[in-house]
Amino acid sequence: MKLWWYAILMLGLQLPLTAAAEENATETVPVDEFRLALALGYGRLDNPRVHAKPIETFLLPSWSYYSERFYLENFTLGYSLYESDNWLFDLQTKLNEDGFFFEFDGLNKLFLSDIIGFSPYKGQVIRPNGNSEPILDEIQRHISYLGGVSVTWVTPYTDINLGLFQDISGVHDGNELQLRLKKSLLYSWGALGLELGAIRKNESLVRYYYQLTPEESGPLRLSYTPSASINYHARLLVNLPLWQDINLVMVTEYTWLDSGITNSPMIDKDGYLSGFIGLSYRF
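Read in order, the letters of the sequence shown correspond to residues -21 to -1, 1 to 262 in mature numbering (1 follows the signal peptide of the UniProt record, and there is no 0).
Among the hints, a few may not be true.
To be verified - Simulated restraints, written as ranges between beta carbons of each label pair:
(1) Q223 with I147: 38 to 44 Å
(2) V217 with F54: 19 to 25 Å
(3) Y21 with E194: 34 to 40 Å
(4) L19 with S206: 37 to 43 Å
(5) H30 with L221: 36 to 42 Å
(6) Y260 with H30: 32 to 38 Å
(7) E194 with W168: 55 to 61 Å
(8) L15 with E47: 19 to 25 Å
(9) Y58 with L221: 30 to 36 Å
These are calculated hints, taken from the structure and not from any lab test. We treat Cβ as the ideally placed atom computed from N, Cα and C, and that holds for glycine.
Using the sequences plus the hints, can you model the full thing?
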(Lines of atoms letter the chains of each structure in order from A and count residues from 1; the text may use other names and numbers.)
(Lines give C-alpha, C1' and ligand atoms only; values in the text may rest on other atoms or scores of the structure.)
Protein backbone atom coordinates (compact mmCIF):
# COMPACT_ATOMS: atom_id res chain seq x y z
CA MET A 1 0.00 0.00 0.00
CA LYS A 2 2.84 2.37 0.86
CA LEU A 3 4.66 1.63 -2.39
CA TRP A 4 1.47 2.22 -4.40
CA TRP A 5 0.91 5.58 -2.70
CA TYR A 6 4.46 6.75 -3.40
CA ALA A 7 4.08 5.68 -7.03
CA ILE A 8 0.92 7.76 -7.38
CA LEU A 9 2.50 10.71 -5.58
CA MET A 10 5.77 10.76 -7.47
CA LEU A 11 4.28 10.19 -10.91
CA GLY A 12 1.69 12.83 -10.13
CA LEU A 13 4.52 15.28 -9.50
CA GLN A 14 6.56 14.26 -12.52
CA LEU A 15 3.73 13.84 -15.00
CA PRO A 16 0.90 16.21 -14.13
CA LEU A 17 -2.21 15.83 -16.24
CA THR A 18 -3.08 19.46 -15.65
CA ALA A 19 -6.44 21.04 -16.19
CA ALA A 20 -5.03 23.17 -18.97
CA ALA A 21 -3.88 20.10 -20.86
CA GLU A 22 -7.19 18.33 -20.48
CA GLU A 23 -9.57 21.16 -21.36
CA ASN A 24 -10.84 21.32 -24.91
CA ALA A 25 -9.62 24.23 -27.01
CA THR A 26 -12.96 26.01 -26.75
CA GLU A 27 -13.29 25.62 -22.97
CA THR A 28 -12.07 27.88 -20.19
CA VAL A 29 -11.00 26.70 -16.78
CA PRO A 30 -14.10 26.77 -14.52
CA VAL A 31 -14.00 28.94 -11.40
CA ASP A 32 -14.94 27.58 -7.96
CA GLU A 33 -15.23 24.05 -9.32
CA PHE A 34 -13.17 21.07 -8.24
CA ARG A 35 -12.06 19.01 -11.24
CA LEU A 36 -10.89 15.42 -10.93
CA ALA A 37 -9.45 13.20 -13.63
CA LEU A 38 -8.53 9.55 -13.27
CA ALA A 39 -6.21 7.93 -15.79
CA LEU A 40 -6.01 4.17 -16.24
CA GLY A 41 -3.00 2.87 -18.10
CA TYR A 42 0.70 2.29 -17.51
CA GLY A 43 3.10 4.66 -15.78
CA ARG A 44 6.77 4.21 -14.99
CA LEU A 45 9.41 6.31 -13.27
CA ASP A 46 13.10 5.44 -13.20
CA ASN A 47 15.10 5.92 -10.02
CA PRO A 48 18.69 7.15 -10.52
CA ARG A 49 19.83 5.74 -7.17
CA VAL A 50 22.21 2.80 -7.04
CA HIS A 51 20.36 -0.54 -7.25
CA ALA A 52 16.98 1.18 -6.90
CA LYS A 53 14.08 -0.27 -8.85
CA PRO A 54 11.79 1.85 -11.02
CA ILE A 55 8.25 2.34 -9.84
CA GLU A 56 5.20 1.45 -11.89
CA THR A 57 1.55 2.28 -11.56
CA PHE A 58 -1.60 1.59 -13.51
CA LEU A 59 -3.64 4.40 -11.98
CA LEU A 60 -2.82 8.11 -12.07
CA PRO A 61 -5.17 10.71 -10.58
CA SER A 62 -5.08 14.43 -11.28
CA TRP A 63 -7.07 17.21 -9.65
CA SER A 64 -7.45 20.96 -9.79
CA TYR A 65 -9.42 23.79 -8.26
CA TYR A 66 -9.50 27.46 -9.24
CA SER A 67 -11.08 30.43 -7.50
CA GLU A 68 -10.59 34.07 -8.43
CA ARG A 69 -7.07 34.04 -6.95
CA PHE A 70 -6.44 30.74 -5.17
CA TYR A 71 -5.74 27.57 -7.15
CA LEU A 72 -4.76 23.96 -6.60
CA GLU A 73 -3.04 21.85 -9.26
CA ASN A 74 -2.27 18.41 -7.92
CA PHE A 75 0.29 19.08 -5.15
CA THR A 76 0.88 22.71 -6.07
CA LEU A 77 -0.93 25.41 -4.10
CA GLY A 78 -0.97 28.89 -5.58
CA TYR A 79 -2.25 32.40 -5.04
CA SER A 80 -2.44 34.90 -7.89
CA LEU A 81 -0.91 38.26 -7.00
CA TYR A 82 -1.31 39.86 -10.42
CA GLU A 83 -2.67 38.72 -13.77
CA SER A 84 -2.80 40.39 -17.18
CA ASP A 85 -2.83 39.23 -20.79
CA ASN A 86 0.95 38.85 -20.76
CA TRP A 87 2.04 38.48 -17.14
CA LEU A 88 1.22 36.20 -14.21
CA PHE A 89 2.67 36.72 -10.72
CA ASP A 90 1.91 33.96 -8.23
CA LEU A 91 2.84 32.74 -4.78
CA GLN A 92 3.26 28.96 -4.87
CA THR A 93 4.07 26.03 -2.62
CA LYS A 94 5.04 22.62 -3.96
CA LEU A 95 6.74 19.36 -3.05
CA ASN A 96 10.40 18.82 -3.85
CA GLU A 97 10.98 15.64 -5.83
CA ASP A 98 14.47 14.64 -4.62
CA GLY A 99 13.21 13.12 -1.38
CA PHE A 100 11.02 10.64 -3.22
CA PHE A 101 14.04 8.85 -4.64
CA PHE A 102 14.63 7.60 -1.09
CA GLU A 103 11.03 6.55 -0.48
CA PHE A 104 9.33 4.97 -3.45
CA ASP A 105 11.54 1.88 -3.83
CA GLY A 106 9.49 0.26 -1.08
CA LEU A 107 12.54 -0.80 0.95
CA ASN A 108 13.90 2.64 1.91
CA LYS A 109 17.36 1.08 2.10
CA LEU A 110 20.57 1.80 0.27
CA PHE A 111 23.50 -0.12 1.71
CA LEU A 112 27.01 1.18 1.54
CA SER A 113 28.25 -2.11 0.09
CA ASP A 114 25.94 -1.56 -2.88
CA ILE A 115 27.29 1.94 -3.38
CA ILE A 116 30.92 0.92 -3.43
CA GLY A 117 30.48 -2.25 -5.45
CA PHE A 118 28.21 -0.78 -8.05
CA SER A 119 30.01 2.43 -9.00
CA PRO A 120 33.70 2.44 -8.05
CA TYR A 121 34.43 5.10 -10.66
CA LYS A 122 32.45 7.70 -8.72
CA GLY A 123 35.41 8.52 -6.50
CA GLN A 124 38.37 6.99 -4.76
CA VAL A 125 37.46 4.92 -1.73
CA ILE A 126 40.07 5.13 1.03
CA ARG A 127 40.07 2.44 3.72
CA PRO A 128 41.89 3.61 6.87
CA ASN A 129 42.21 0.01 8.03
CA GLY A 130 42.32 -3.02 5.81
CA ASN A 131 40.26 -5.00 8.32
CA SER A 132 37.61 -2.31 8.73
CA GLU A 133 34.16 -3.13 7.48
CA PRO A 134 31.67 -0.53 6.28
CA ILE A 135 28.66 0.13 8.45
CA LEU A 136 25.59 -1.20 6.67
CA ASP A 137 22.94 1.28 7.59
CA GLU A 138 19.77 2.67 6.08
CA ILE A 139 20.03 5.92 4.18
CA GLN A 140 16.96 8.00 4.88
CA ARG A 141 16.03 11.43 3.60
CA HIS A 142 12.88 13.40 4.27
CA ILE A 143 10.58 14.90 1.67
CA SER A 144 10.67 18.71 1.70
CA TYR A 145 8.08 21.33 0.87
CA LEU A 146 9.01 24.46 -1.08
CA GLY A 147 7.43 27.89 -1.19
CA GLY A 148 8.19 30.91 -3.33
CA VAL A 149 7.31 33.22 -6.20
CA SER A 150 6.44 32.23 -9.76
CA VAL A 151 6.43 34.69 -12.69
CA THR A 152 5.08 33.75 -16.13
CA TRP A 153 5.51 35.79 -19.30
CA VAL A 154 2.87 34.80 -21.85
CA THR A 155 4.03 35.38 -25.44
CA PRO A 156 2.58 34.34 -28.81
CA TYR A 157 5.39 31.81 -29.16
CA THR A 158 5.83 30.27 -25.74
CA ASP A 159 5.08 30.76 -22.06
CA ILE A 160 8.23 31.54 -20.08
CA ASN A 161 8.02 30.69 -16.39
CA LEU A 162 10.61 31.57 -13.75
CA GLY A 163 10.23 30.54 -10.12
CA LEU A 164 12.35 30.79 -6.98
CA PHE A 165 11.43 28.37 -4.20
CA GLN A 166 12.82 28.00 -0.68
CA ASP A 167 12.49 25.05 1.67
CA ILE A 168 9.75 26.02 4.14
CA SER A 169 9.62 22.64 5.89
CA GLY A 170 12.95 22.93 7.69
CA VAL A 171 14.36 19.81 6.05
CA HIS A 172 17.47 21.18 4.32
CA ASP A 173 16.99 24.99 4.08
CA GLY A 174 17.91 24.79 0.41
CA ASN A 175 16.30 26.40 -2.61
CA GLU A 176 15.52 25.84 -6.26
CA LEU A 177 15.51 28.25 -9.19
CA GLN A 178 13.22 26.89 -11.90
CA LEU A 179 13.00 27.98 -15.54
CA ARG A 180 10.40 26.48 -17.86
CA LEU A 181 9.47 27.13 -21.48
CA LYS A 182 5.99 25.84 -22.31
CA LYS A 183 4.09 25.62 -25.58
CA SER A 184 0.59 24.28 -26.24
CA LEU A 185 -0.42 23.32 -29.78
CA LEU A 186 -4.13 22.84 -30.46
CA TYR A 187 -5.39 20.79 -33.39
CA SER A 188 -8.75 19.51 -34.56
CA TRP A 189 -7.85 16.03 -33.32
CA GLY A 190 -6.43 17.05 -29.95
CA ALA A 191 -3.55 18.92 -28.34
CA LEU A 192 0.20 18.74 -27.81
CA GLY A 193 2.09 20.17 -24.86
CA LEU A 194 5.83 20.80 -25.00
CA GLU A 195 8.11 21.88 -22.16
CA LEU A 196 11.82 22.51 -21.79
CA GLY A 197 13.19 23.36 -18.38
CA ALA A 198 16.17 23.84 -16.12
CA ILE A 199 16.16 23.57 -12.32
CA ARG A 200 19.06 24.85 -10.26
CA LYS A 201 19.39 23.19 -6.85
CA ASN A 202 21.65 24.97 -4.41
CA GLU A 203 24.45 23.32 -2.46
CA SER A 204 22.44 22.88 0.75
CA LEU A 205 19.77 20.88 -1.05
CA VAL A 206 22.28 18.73 -2.95
CA ARG A 207 24.33 18.08 0.18
CA TYR A 208 21.32 16.92 2.19
CA TYR A 209 20.02 14.46 -0.39
CA TYR A 210 23.16 13.18 -2.09
CA GLN A 211 26.05 13.29 0.41
CA LEU A 212 26.59 10.46 2.85
CA THR A 213 26.66 11.42 6.51
CA PRO A 214 29.59 10.22 8.70
CA GLU A 215 27.27 7.63 10.26
CA GLU A 216 26.30 6.29 6.81
CA SER A 217 29.84 6.15 5.43
CA GLY A 218 31.25 4.46 8.53
CA PRO A 219 35.03 3.94 8.36
CA LEU A 220 35.20 4.99 4.70
CA ARG A 221 36.12 8.36 3.23
CA LEU A 222 34.48 9.07 -0.12
CA SER A 223 35.84 11.83 -2.33
CA TYR A 224 32.54 13.51 -3.18
CA THR A 225 31.98 17.22 -2.66
CA PRO A 226 28.41 18.39 -3.28
CA SER A 227 27.87 21.57 -5.25
CA ALA A 228 25.01 23.58 -6.72
CA SER A 229 23.59 21.65 -9.68
CA ILE A 230 21.42 22.38 -12.70
CA ASN A 231 19.18 19.61 -14.02
CA TYR A 232 17.56 19.90 -17.45
CA HIS A 233 14.38 18.25 -18.64
CA ALA A 234 12.15 17.91 -21.69
CA ARG A 235 8.48 16.92 -21.57
CA LEU A 236 5.94 15.95 -24.21
CA LEU A 237 2.22 15.60 -23.56
CA VAL A 238 -0.35 14.33 -26.07
CA ASN A 239 -4.06 14.70 -25.37
CA LEU A 240 -6.53 13.03 -27.75
CA PRO A 241 -10.25 13.42 -26.92
CA LEU A 242 -12.15 10.22 -27.69
CA TRP A 243 -15.66 10.95 -26.51
CA GLN A 244 -17.23 13.28 -23.98
CA ASP A 245 -14.98 13.29 -20.88
CA ILE A 246 -12.68 10.45 -21.95
CA ASN A 247 -9.26 11.28 -23.39
CA LEU A 248 -6.27 9.28 -24.53
CA VAL A 249 -3.31 10.80 -22.69
CA MET A 250 0.39 10.20 -23.22
CA VAL A 251 3.09 12.10 -21.34
CA THR A 252 6.81 11.46 -21.17
CA GLU A 253 9.68 13.36 -19.59
CA TYR A 254 13.43 12.91 -19.49
CA THR A 255 15.65 14.61 -16.90
CA TRP A 256 19.39 15.10 -17.34
CA LEU A 257 21.23 15.18 -14.01
CA ASP A 258 24.07 17.60 -13.34
CA SER A 259 27.52 16.25 -12.47
CA GLY A 260 27.14 17.75 -9.00
CA ILE A 261 24.54 15.03 -8.43
CA THR A 262 25.81 12.20 -10.63
CA ASN A 263 29.21 12.32 -8.91
CA SER A 264 27.51 11.24 -5.71
CA PRO A 265 28.21 7.59 -4.77
CA MET A 266 24.45 7.20 -4.31
CA ILE A 267 23.71 7.83 -8.02
CA ASP A 268 24.51 5.55 -10.94
CA LYS A 269 22.59 7.20 -13.81
CA ASP A 270 23.12 10.41 -15.74
CA GLY A 271 19.37 10.93 -16.08
CA TYR A 272 16.01 9.29 -15.69
CA LEU A 273 12.87 8.76 -17.75
CA SER A 274 9.27 8.97 -16.63
CA GLY A 275 6.10 8.40 -18.61
CA PHE A 276 2.46 7.46 -18.66
CA ILE A 277 0.00 6.36 -21.33
CA GLY A 278 -3.63 5.57 -20.78
CA LEU A 279 -7.25 6.65 -20.83
CA SER A 280 -8.25 9.61 -18.68
CA TYR A 281 -11.78 10.20 -17.43
CA ARG A 282 -12.65 13.70 -16.25
CA PHE A 283 -15.34 13.91 -13.58
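Consistency of the hints with the structure:
1. Taking the beta carbon of each, Q223 and I147 are about 41 Å apart, inside 38 to 44 Å as hinted.
2. At roughly 23 Å, the beta carbons of V217 and F54 sit within the given window of 19 to 25 Å.
3. Checked against the given bound of 34 to 40 Å, the beta carbons of Y21 and E194, roughly 39 Å apart, stay inside it.
4. Judged by the Cβ atoms, the range 37 to 43 Å given for L19 and S206 holds: they are separated by roughly 42 Å.
5. For the pair H30 and L221, the beta carbons lie near 40 Å from each other, so the given range of 36 to 42 Å is met.
6. Between Y260 and H30 the C-beta distance comes to about 37 Å, which sits within the given range of 32 to 38 Å.
7. Evaluation of the 55 to 61 Å hint for E194 and W168 yields a pass: the beta carbon distance comes to about 56 Å.
8. Here the CB-CB span from L15 to E47 is close to 21 Å, well matched to the stated 19 to 25 Å.
9. A hinted range of 30 to 36 Å holds for the C-beta pair Y58 and L221, which are about 35 Å apart.
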